[in-house]
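Peer 1: Mind the numbering: the sequence shown is residues 1 to 454 in the UniProt record's numbering, read in order.
Any given hint could turn out to be false.
[To be verified] Simulated crosslink set (SDA-like; lysine to any residue; CA at most 25 Å straight-line):
1) Lys294 / Pro243
2) Lys280 / Glu329
3) Lys291 / Thr301
4) Lys294 / Glu329
5) Lys245 / Arg277
6) Lys280 / Thr259
7) Lys245 / Gly219
8) Lys160 / Glu100
9) Lys291 / Ala239
10) Lys245 / Pro97
11) Lys194 / Gly219
12) Lys294 / Gln262
13) Lys160 / Arg412
14) Lys160 / Thr259
15) Lys194 / Arg182
16) Lys245 / Leu99
17) Lys245 / Gln262
18) Lys294 / Lys280
Derived from the structure by calculation, the hints contain no laboratory data.
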Amino acid sequence: MDGRWVLHLDMDAFFASVEQLTRPTLRGRPVLVGGLGGRGVVAGASYESRVFGARSAMPMHQARRLVGVSAVVLPPRGVVYGVASRRVFDTVRTLVPVLEQLSFDEAFGEPAELAGASGDEVEEFCRALKARVLDETGLVASVGAGSGKQVAKIASDLAKPDGIRVVRRAEERALLHGLPVRRLWGIGPVAEEKLHRLGIETIGAFAALTDAEAANILGATVGPALHRLAQGIDERPVAENAPAKQISAESTFPTDLITLDQLREAVATIGEHAHRRLEKDGRGARTVTVKLRKSDMSILTRSATLPYATVDAATLIATARRLLLDPVEVGPIRLVGVGFSGLSEVRQESLFPDLDLVAEEVSDTEMPPTLTDAAATPPAWRIGDDVTHTEHGHGWIQGAGHGVMTVRFETRSTGPGVARTFSDNCADIARANPVDSLDWADYLEELNRYQSSP
């Protein structure tokens, strides 16, 4: 293992960077991607917004307040991120055939040709890898390298943004031991608090414990495993990971839910947690399942299948809410779960998501819930929507309201585009496939041929 080199590639501010790539006017501006409602959460923040203190997982209202009037706030476009991610890692595989992909934007690799290489040779390889990703996609990655996954992950964090960090064997111990214990992969807030109460603040202080002491503090299984990582012992292999068949989240409530309104509110929150995991996974979901555990511990499950796989949070969560049963009729509910399955690579979102909330199929052991009538007209235009104009081509809505909308006509390949204002019922404007903003027709054609081949 002495000559082993593991790489960790992590795309810089991926969601926001894809928005800036496909909407060139936004380059250099503070972009926030995430939920726009009162309970919205930041899914991605550009580096221009991070200088104000904004970050992922922060409440959107707080991030907007920190950034101020210069903030550009956009709803997520999961379909675009999915295609961009696919091309990034297709590109990486040309140099690193075996990847352990962790999410949309990060993966481990262990190139066979780097076994026994010098630090300088590894750095040169990382430089070529970064350059190829940038040339092929226009997106920036940071790359870390070390003796195992732990060190490589820490190295890529230290390399951000737009950097390379190769941790050579001679410096590994000093680097690890000086870092806060929370930087150790697997140490969460609870474990961190336990260690801090004992005066253990750094990875080095944790590494100085005995295995028995680590086990006593963090448990017989987890403690010794983390202790080995703290000592720089990381023999975990890099291997292709099988994609999950379902992504879900659930919560048990201290007090049983007894009204339909309480249940709807709970499903919205839990559905948002599940949706964030879905976004990190990089695929869309076609089937939504709701799990209800009653106070007598019996379980009710209900599922609905949409006509297409989607990452649209509004569609998925609304479908989950429509599957609910009234606690007044079925009894108090102590646990609620929301699951997404039928996972697949997303190639096109529904252009009218509000019209697709009535599922093709609802299955459970009860009568299906009542489905309210879908809207008779398409949803109103909103900031961030992709549109196409008969004369000006592809664009996105930069502002809307009071009967008018401002459209910025641009894609990845156009450079900053012109903005024009139209009435919101202009017959020359129609909804567009968001993927078209990438302007990767040749790549998508090749990808479709590959996916359709036997």
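Peer 1: All hints are to be evaluated individually against the structure, with a verdict given for each.
Peer 2: Right, here's what the structure says about each hint:
| no. | hint | verdict |
| --- | --- | --- |
| 1 | Lys294 / Pro243 | violated (31 Å) |
| 2 | Lys280 / Glu329 | violated (37 Å) |
| 3 | Lys291 / Thr301 | holds (5 Å) |
| 4 | Lys294 / Glu329 | holds (12 Å) |
| 5 | Lys245 / Arg277 | holds (13 Å) |
| 6 | Lys280 / Thr259 | violated (32 Å) |
| 7 | Lys245 / Gly219 | violated (30 Å) |
| 8 | Lys160 / Glu100 | holds (20 Å) |
| 9 | Lys291 / Ala239 | violated (33 Å) |
| 10 | Lys245 / Pro97 | holds (24 Å) |
| 11 | Lys194 / Gly219 | holds (11 Å) |
| 12 | Lys294 / Gln262 | holds (14 Å) |
| 13 | Lys160 / Arg412 | holds (24 Å) |
| 14 | Lys160 / Thr259 | violated (48 Å) |
| 15 | Lys194 / Arg182 | holds (11 Å) |
| 16 | Lys245 / Leu99 | holds (19 Å) |
| 17 | Lys245 / Gln262 | violated (29 Å) |
| 18 | Lys294 / Lys280 | violated (31 Å) |
Hint violations for this structure: numbers 1, 2, 6, 7, 9, 14, 17, 18, all remaining hints satisfied.
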